[in-house]
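> Starting from the given sequences, assemble the full structure and let the hints guide the process.
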Amino acid sequence: MSRDEPSEFQTRVNSRRSGNVIHPVMADVESPPPPPPPRIPAQSPLAYREIKHLKKWFPWLIPSFVVANVVMFAITMFVNDCPKNSVSCVARVLGRFSFQPFKENPLLGPSSSTLEKMGALDVSKVVHRHQGWRLITCIWLHAGVLHILANMLSLVVIGIRLEQEFGFVRIGLLYLVSGFGGSLMSALFIQSSISVGASGALFGLLGGMLSELITNWTIYVNKVAALLTLVIIIVINLAVGILPHVDNFAHIGGFLSGFLLGFVFLIRPQFGWVSQRYAPPGQLSTSSKPKFKIYQCILWIISLALVIVGFTVGLVMLLRGVDANDHCSWCHYMSCVPTKRWSCNSQPLSCMSDQTGDKLTLTCSSNGKTRTYTLANATTSQIQGLCTQLCQ
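Every letter in the sequence shown is one number past the one before it in full-length UniProt numbering, and letter 161, counting from 1, is 161.
Simulated from the structure, these hints should not be mistaken for laboratory data.
Any given hint might turn out to be false.
Here are the simulated PhoX-like pairs of lysine-lysine, each with C-alpha atoms no more than 20 angstroms apart in a straight line [unchecked claim]: (1) Lys103 - Lys84; (2) Lys84 - Lys359; (3) Lys369 - Lys359; (4) Lys291 - Lys103.
As structure tokens, then:
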């Protein structure tokens with residue numbers, strides 16, 4: 001393989017034609033007997049990518065996930081019905097699919113109340129109303145067009161290659177369990193606001209890529225360059241998470257879950273075992289080779305144990321209403337670092353309201369601003385939307 005090729009994940013392949021010997025026909029001369037077939041070195045497998053368990057899978061699950069997310073966003077916007085529930089909307093030409101005002105949702109999407117209705121992660125409902133299903137449903141919802149566009153493009157770029165390499169079962173489990181892990185960590189640390197998005201599951205795929213590279217280290221070329229590239233991508237994405245209004249705890253929880261699960265789901269047999277099992281007759285190695293290396297088995301056991309223990313402890317803490325910030329005074333900096341340009345205050349917005357005839361007067365509790373609107377019989381959703389605009 002040329003050194004000038006890109007440093008992507010590649011497996012080493014030795015051609016079967018390397019052992020061919022040409023014997024010319026010579027008249028009246030007895031040809032010498034052909035040499036015995038060469039033995040296959042333990043570290044040089046035959047047509048590694050042609051082996052059944054390493055074949056290329058047709059990627060259909062990841063595209064299905066993309067379609068499901070887009071459909072859920074369309075349903076959410078239909079339920080939101082901004083013209084009916086809000087005073088002002090963005091892109092009213094879209095009718096009930098129009099977006100909430102920029103001050104309320106700069107991502108071009110629905111209101112917080114609609115997301116909550118559709119299954120967003122709301123810790124109070126998970127703990128006090130036993131709605132644990134929100135830990136899963138929230139990863140299928142998105143806060144706006146910009147949000148879903150960024151996540152789905154990332155899912156296609158990352159997920160397609162992984163599904164081709166490992167199949168839909170392992171990648172599907174990795175995606176869903178990582179998404180659950182991200183939701184669980186988010187619920188433990190961010191309990192004052194709702195959370196939606198597939199970012200935790202996406203970071204799980206990134207974590208799985210990293211652990212897969214580590215556990216299958218010996219079968220890759222350009223491994224150091226691939227490792228550095230992947231680490232840089234992960235660090236940049238986690239760094240973006242310290243901005244306000246970004247749920248970096250979901251990113252971290254998803255990444256840690258995916259990293260551990262990658263050692264469990266994405267383990268591959270080593271070259272020596274593959275060469276022995278799939279080599280043609282007469283080309284077998286003399287010594288027996290194990291299917292997996294010892295370090296792979298150790299990582300498999302430790303990672304599976306950590307996932308089980310971590311999820312169990314996390315669920316027990318969540319259902320008991322524990323706020324993880326009480327046990328880690330500095331952890332909130334992993335999600336948002338305050339600067340002169342922005343604040344990390346995530347307290348829920350509240351307003352004092354007074355309805356007199358067709359006049360609605362709101363006073364924001366956090367900044368003291370007061371405004372009067374002409375709106376008869378204002379609904380709770382309308383008041384909440386106006387309160388969000390007034391307090392921001």
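> Each hint should be assessed against the structure and marked as holding or not.
Hint-by-hint comparison with the structure:
no.: 1; hint: Lys103 - Lys84; verdict: 18 angstroms, holds
no.: 2; hint: Lys84 - Lys359; verdict: 18 angstroms, holds
no.: 3; hint: Lys369 - Lys359; verdict: 17 angstroms, holds
no.: 4; hint: Lys291 - Lys103; verdict: 58 angstroms, violated
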